[in-house]
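There are 2 protein chains.
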Amino acid sequence: MDTLTTPQVINSEYLLKHWQGHRNLTRKVIDAFPENHFFEFTIGGMRTAAQLTAEILAMGAPALKSIVDRSEEPFSENRFNLETKAEYLTKWDESTAAINANWEELSAQDFHETFNLFGLYNFPVIQNIQYFIDNEIHHRGQMFVYLRALGITPPFFWER
Amino acid sequence: MDTLTTPQVINSEYLLKHWQGHRNLTRKVIDAFPENHFFEFTIGGMRTAAQLTAEILAMGAPALKSIVDRSEEPFSENRFNLETKAEYLTKWDESTAAINANWEELSAQDFHETFNLFGLYNFPVIQNIQYFIDNEIHHRGQMFVYLRALGITPPFFWER
Chain R
1 MDTLTTPQVI
11 NSEYLLKHWQ
21 GHRNLTRKVI
31 DAFPENHFFE
41 FTIGGMRTAA
51 QLTAEILAMG
61 APALKSIVDR
71 SEEPFSENRF
81 NLETKAEYLT
91 KWDESTAAIN
101 ANWEELSAQD
111 FHETFNLFGL
121 YNFPVIQNIQ
131 YFIDNEIHHR
141 GQMFVYLRAL
151 GITPPFFWER
Chain S
1 MDTLTTPQVI
11 NSEYLLKHWQ
21 GHRNLTRKVI
31 DAFPENHFFE
41 FTIGGMRTAA
51 QLTAEILAMG
61 APALKSIVDR
71 SEEPFSENRF
81 NLETKAEYLT
91 KWDESTAAIN
101 ANWEELSAQD
111 FHETFNLFGL
121 YNFPVIQNIQ
131 YFIDNEIHHR
141 GQMFVYLRAL
151 GITPPFFWER
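Here the protein sequences line up with chains R and S, keeping their order.
Residues in the first sequence are numbered from 1 upward in steps of one, following the numbering used here.
Residues in the second sequence are numbered from 1 upward in steps of one, following the numbering used here.
A few of these clues could be false.
Residues of chain R clear of chain S, computed beta-carbon distances all greater than 12 Å [as the list claims (entries may be wrong)]:
{"id": "1", "residue": "Glu94"}
{"id": "2", "residue": "Ala97"}
{"id": "3", "residue": "Ile99"}
{"id": "4", "residue": "Pro124"}
Here are some of the chain S residues that sit facing chain R, going by a computed Cβ distance under 7 Å [stated by the list, open to error]:
{"id": "5", "residue": "Ser12"}
{"id": "6", "residue": "Leu15"}
{"id": "7", "residue": "Leu16"}
{"id": "8", "residue": "Trp19"}
{"id": "9", "residue": "Ile43"}
{"id": "10", "residue": "Ala108"}
{"id": "11", "residue": "Asp134"}
{"id": "12", "residue": "Ile137"}
{"id": "13", "residue": "Gly141"}
{"id": "14", "residue": "Ala149"}
Hints listed in this document are in silico derivations from the structure and should not be mistaken for laboratory results.
Positions of the beta carbon are idealized from the N, C-alpha and C atoms, including for glycine.
This is chain R alone, in the form it adopts within the complex (with noise of 0.2 Å):
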């Protein structure tokens, strides 16, 4: 079957429009952390919230750039060396911009093509933002038992 030309399922502009609501989401549950619990609570000698914030902060808008340069930059998990909960919410919103900017960049043909993201994940770039929003998803997953432990209770799941 030709993917491009079979009946379209999920288009680019939906697709962002999924990520983008999903992003809202994890920005509300970064929010909701008091300051110290974002960069100290931790469950099952798990990573803390600050630091799982950091490698989805690492992950979406520099390897969306990436993809668009083609360029195999390694990852970095700490290359923003933000020191505080507002710091993070200041990066959050300049990826949300970047984001946009770049995807705008994309054409439906280059999903489809294979890009050895970080020199490491030789797919499809449409595995590769799919595995940004899961890995998000998942994360943010962490994020709520996290708050739940803490006495906190998180933003609804379906709030985008």
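The hints should help you fit chain S onto chain R, whose structure is shown.
Quick look at chain S alone, frame taken from chain R:
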């Protein structure tokens, strides 16, 4: 923009493969729980892994069948009355086959039709299907935390 004729980013076959890949990982996570903890362990007043799995099972295959049949049957989280982890896994595998079979009945046009799932969620079919997948990733992320809190190493996130 006409969503049915613009170039394809995600097609039906790919989306099914993506969902079943996630379902395969969720099955491994369920299987990683000791029997008692699957039904009893919880953090911060959240639902147990068994209750989260019951929701995923009640949503996936039955919802897809409702979509195919255009039946607005209400959602029932405990529709299966499963009592052991083995029963959950058996129902999981039955659901895998049912999803594959019902997926064949969906045309590309169907994904864009609005349908009132469970008599409650009146959205385009593609949005409801993405909700099942995202909801599963979200709750499975929470089960990862439960496993870590129990000192059990979960499967790799990218293992599908």
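**Report entry** Interface hint outcome for alanine 149/S [beta carbon to chain R under 7 Å]
**Finding:** holds, 4 Å
Query raised in the report: When the nearest CB of chain R is found for leucine 16/S, is that gap smaller than 7 Å?
Result: violated, 10 Å
Query raised in the report: Can we keep the alanine 108/S interface hint, with Cβ of chain R closer than 7 Å?
Result: holds, 3 Å
Query raised in the report: Is it the case that proline 124/R keeps its Cβ farther than 12 Å from each residue Cβ in chain S?
Result: Violated: least Cβ distance 10 Å, not greater than 12 Å.
Query - Cut-off 7 Å, beta-carbon criterion: hint that leucine 15/S touches chain R - result: Where the cut-off is 7 Å and the nearest Cβ of chain R is about 6 Å from leucine 15/S, the hint holds.
Query raised in the report: For the hint on tryptophan 19/S, does the least C-beta distance to chain R fall short of 7 Å?
Result: violated, 11 Å
Query raised in the report: Is the hint on isoleucine 43/S kept, meaning its closest Cβ partner in chain R is under 7 Å away?
Result: holds, 5 Å
Query raised in the report: Is the nearest CB of chain S more than 12 Å from the CB of glutamate 94/R?
Result: holds, 25 Å
**Report entry** isoleucine 137/S as an interface hint toward chain R, with CB separation required under 7 Å
**Finding:** Holds - the Cβ of isoleucine 137/S comes within 7 Å of chain R, reaching about 4 Å at its closest.
Report task. Verify the interface restraint on aspartate 134/S: the C-beta must sit less than 7 Å from at least one C-beta of chain R. Result -> holds, 6 Å
Query raised in the report: Is it correct that the beta-carbon of isoleucine 99/R has no partner in chain S closer than or equal to 12 Å?
Result: holds, 16 Å
Query raised in the report: Does the CB of serine 12/S sit less than 7 Å away from some CB of chain R?
Result: Because about 5 Å separates serine 12/S from the closest Cβ in chain R, which is inside the 7 Å limit, the hint holds.
Going down the numbered hints, you'll see the structure goes against 4, 7 and 8, while the others check out.
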